[in-house]
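**Q** Sequence:
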Amino acid sequence: MFVNGVRLMLRSPDFARLWFAGLVSKTGDWLLLIAMPIFLLHLTGSGVATATVLVIELLVRFFFGQFAGLLADAVDRWLVLRVGPVLQGLFLLPLLAVHSVDQIWVVMVVAAVEAALGVLMSVTLGAMLPDVVDEDDLVAANGMFGVAGDVARLAGAMAGGLALSWGGISGVVVADAVSFALAWLIFVVRAVPSGEDRSTRVREGLSVRAWREGVLQVREDRRLWGAVVVTSIVTFAQGISQLLLIVFVLDLLHGDAADVGVLRGVVGIGTLIGGFLLSAVGGWLAPHRLAGLSLVAVGVLNLVAWNGPAFTTAVPVYAVVLGLSGLPGVGAFVGVISVLQAGMAKEDRGKVFGLLVSANSGAQGVGLLLGGLLIDVLSPVLLLNFQAVLIVLSGVAAIIWLRDRTAAGAGREAEPASSAGS
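Quick note: to get our numbering, add 28 to the position in the sequence shown (first position is 1).
A hint or two may mislead.
Just the calculated beta-carbon pair ranges, DEER-fashion [unchecked claim]:
hint, residue 1, residue 2, range
1, P337, L421, 18 to 26 Å
2, R35, L421, 30 to 38 Å
3, D104, G189, 18 to 26 Å
Quick list of in silico lysine to aspartate or glutamate cross-link-like pairs, EDC-like style, CA-CA up to 20 Å [stated by the list, open to error]:
hint, residue 1, residue 2
4, K374, D249
5, K374, E248
6, K374, D42
7, K374, D130
What the hints contain is simulated information worked out from the structure, not anything from laboratory work.
Every residue gets a Cβ at the ideal spot worked out from N, C-alpha and C, and that includes glycine.
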């Protein structure tokens, strides 16, 4: 399964750098994301502070996403990837001074800065991938990045818990700084192009005009605005289910906190396996079909799970069903991202990816808020079924909106020509 990915790395050393650095950097991001809320809970004894830092990170992604996209288009992207890990490591250091509740504001500031830098790195990596692999390899390459993201999530979660229990917040800072240092070492061997005057490009690229041009480009291209709308629907649906999954397990399956963790974990295992599969057979489906059919499959499997308590409350059954939903889940992500990367000019990719981050973060926040408000008003099963239907509809929309009409039109024009020739 891993053969295509290895071939890509052998053919393109730059792709190999992006993949390994992305793996290491995202591991550091997850390490901090897992460890910081636990640290705050121990420090304050209150869940309010923990919830606050999560809200801050979501707001930063929403407000900073589009600026990060402008920056990724205006500045040399290899330079961003070299400087980013250094800044991420440096801005961890103030956490070493946090020892009491009255210093909690330091944690909030660090969380905001690290979230912003993480968005910048993520947007830049996504914008750079089409520069280092052929268009035909985008699905397989994005599948490899899906694998890296899932491995990073598992490794970062374990490392965050171990570092915090071993050395407290100091242990977290050291472990996270090591991950960012490794990412910097991977990128530093790649020379930054010289001899180009970028001052004018940077000024123009960070202007309001450049932002408007990016938004206008998305509005005028059906595949681009379609990708933003489809992913926003999906993240909105995910926001609804975040809290409702806990209620579903505790109230309907009569499970406990450990069961909640298991059901969340099996989805990650499913996406990891799905990433391996895509890296092997990524070219078998056009990206728009991959995205659409994957979303339909996820929605159908969710419908099976949410309506299952009428037949059984055995947690292992739901572990299998939700684990299977992870397989097409990564296909949906890879399909949409591949459509975006293939449909954008090099100088505009960052703007669109930044807009995608902002739109998705906003949609997720609204979904989370709506789920929390309606949980005491409507049946959890009704809300979860609504979430699943939204995902199915987003899959249908992806098949329609993300299709390359130019390629389809060219295919139809070629048919009469071939018939005439025969």
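**Q** Each hint should be assessed against the structure and marked as holding or not.
**A** Here is what the structure says about each hint:
1. Distance hint check: the CB atoms of P337 and L421 are about 24 Å apart, consistent with the given range 18 to 26 Å.
2. A hinted range of 30 to 38 Å for the beta carbons of R35 and L421 is consistent with their spacing of about 37 Å.
3. Between D104 and G189 the beta carbon distance is about 37 Å. The supplied range of 18 to 26 Å is therefore violated.
4. Restraint check for K374 and D249: the C-alpha separation of about 15 Å stays at or below 20 Å, so the hint holds.
5. In summary, the hint linking K374 to E248 is supported, as the alpha carbons are separated by about 17 Å, within the 20 Å threshold.
6. Between K374 and D42, the direct Cα distance comes to roughly 16 Å. Compliance with the 20 Å bound is thereby established for this hinted pair.
7. For the given pair, K374 sits about 46 Å from D130 by alpha-carbon distance, which is inconsistent with the 20 Å threshold.
When each numbered hint is compared with the structure, violations occur for hints 3, 7.
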